[in-house]
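*Asks:* The chain contents come next:
2 protein chains.
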Amino acid sequence: MKDQKETLSVVKIGGGVIEDPQALKYFCQAFSQIPGPKILVHGGGKSATALAEKLGIPTKMINGRRCTPKDSLEVITMTYAGTANKTIVSQLQADQCNALGLSGADANSISATKRNPKPIDYGFVGDHLKVNASLIKTLLSHGICPVFCAITHDGNGQLLNTNADTIAAEIAIAMADNYETHLWYCFEKQGVLVSEAPLEVLVSLSPNEMKQLINDGVIHSGMIPKLSNGFHALEKGVHKVGIGNEDMLANKGPFTLLKKN
Amino acid sequence: MKDQKETLSVVKIGGGVIEDPQALKYFCQAFSQIPGPKILVHGGGKSATALAEKLGIPTKMINGRRCTPKDSLEVITMTYAGTANKTIVSQLQADQCNALGLSGADANSISATKRNPKPIDYGFVGDHLKVNASLIKTLLSHGICPVFCAITHDGNGQLLNTNADTIAAEIAIAMADNYETHLWYCFEKQGVLVSEAPLEVLVSLSPNEMKQLINDGVIHSGMIPKLSNGFHALEKGVHKVGIGNEDMLANKGPFTLLKKN
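Protein sequences appear in the order of chains A and B. Adding 16 to a residue's 1-based position in the first sequence gives its number in the numbering used here. Adding 16 to a residue's 1-based position in the second sequence gives its number in the numbering used here.
Because the hints were derived from the structure by calculation, they are not lab data. Honestly, I wouldn't trust all of these hints.
Treat identical chains as interchangeable: a pair holds within one or across any two.
Cross-link-like lysine-lysine pairs, in silico, BS3-like; alpha carbons within 25 Å at most [unchecked claim]:
| # | residue 1 | residue 2 |
| --- | --- | --- |
| 1 | Lys86 | Lys62 |
| 2 | Lys227 | Lys76 |
| 3 | Lys86 | Lys70 |
| 4 | Lys130 | Lys41 |
| 5 | Lys70 | Lys153 |
| 6 | Lys70 | Lys252 |
All values derive from a computational prediction rather than experimental measurement.
Bound-form chain A, shown alone (with noise of 0.2 Å):
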């Protein structure tokens, strides 16, 4: 008889949460309160784009696609890595959960390759990632809550900003093999929703209903992406892949659950 598995769960927080230090306190809370071993993953949100315009940097789109050469590189290391990364840090500290701050650079957590230039320039954008399970493992084997900002590196010296969403998937695949894996992408509203007044919260998706769903127009823009990436995992063995609010933690509210079929 196989041993059941651990549960590990995989926390990504969208930036809407991390630049309210109100919501940002509630959501410590909840996510301290998870039990068992756990991993967050964030980005820095729209403080990048405040703090670029404040500098006089340019946010380049192409295709509506954001771009990030180096100096945008910068002002995304200083506000992930620095700003984000150690405020949510030391609240989880002070909330009892032994978090710890990593980008994939520190000890090559999470390493990618540069997008390919050709035929667009998206700058440093880091794809194909490769996430190292053991060193993960052994962290959280010792009680540590690894907390993910959103930037990736090559291996030789070169920062790669990356997509919170796809570091999310891609952790909770590689420990699929070790650990029950769920994967929550915690964000401002309570799910995929059908409509916002009266409130309509799908309780669960399968990839087909979500074509129709796009077709129809009622899921669009950044939804698209999150829901990829959540189909992936769970295509990829990750057990439970769930969207909502930081009340879905508590299991305190509705969200949506994708399943595979």
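Place chain B on chain A using the hints.
*Replies:* Only chain B this time, still in chain A's reference frame:
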């Protein structure tokens, strides 16, 4: 017969090294080649001041000492824990050194007390450090090289700006029970200089000799607290304390060795 303790090198680098990309690359190569377990401590030098100026945040000084109000702390967190720490960590990774960046908040590695605001309020500055030797030992035993930036926390969610020379000394002291601990203060010069031209480096220095040289005006300003930290470490069980440039790390150049008497 007592077992021979393993040697642990604790190296502090100065701001001048961090800000010059070529000097930093050279330093990281020299540091990576130190045999055995090692720890790096850094501040962020003038980059915090430069960023604060760009953002219009005034540098407040009292009695020649820098104050750290809330907005300055944020700039320090961005530059020390963000830019400086991650640049160093990714460069060390490229040099085959398994670096992991830490503030004192991370895994509660160094806690401190906010300096008493009476009689002078220096803002969010940390004193009375407590180093988590057991965590550091765990990281070292897994082949990880901790890289500390000059930020600690109070355990209640507050980050604190903390002198990097003091952090290096307190880490070396905390590890001296478990390792033969060597503390290296690494900066632009080859040690405590008696004269710049012709170059005369003090090969060794005792507390009494220091007092005499302070009276003579040979030792002054930033060198005094650095030496005080060094002699304190020596008093508290650190086995060797040296001051010099990166050639000291490879035994390739002169440096100043502190001695107890």
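*Asks:* For every hint, state whether the structure bears it out.
*Replies:* Going through the hints against the structure:
1. Lys86 - Lys62: Close inside one copy (18 Å) and across copies (20 Å); limit 25 Å.
2. Lys227 - Lys76: For Lys227 and Lys76, neither the intra-copy (30 Å) nor the inter-copy (57 Å) Cα distance is at most 25 Å.
3. Lys86 - Lys70: both (17 Å within a copy, 18 Å between copies)
4. Lys130 - Lys41: Between copies only: 21 Å across chains, 34 Å inside a chain, cut-off 25 Å.
5. Lys70 - Lys153: neither (40 Å within a copy, 42 Å between copies)
6. Lys70 - Lys252: Neither, since 42 Å and 46 Å both go past 25 Å.
In summary, the structure is inconsistent with hints 2, 5 and 6 from the numbered list given earlier, while agreeing with the others.
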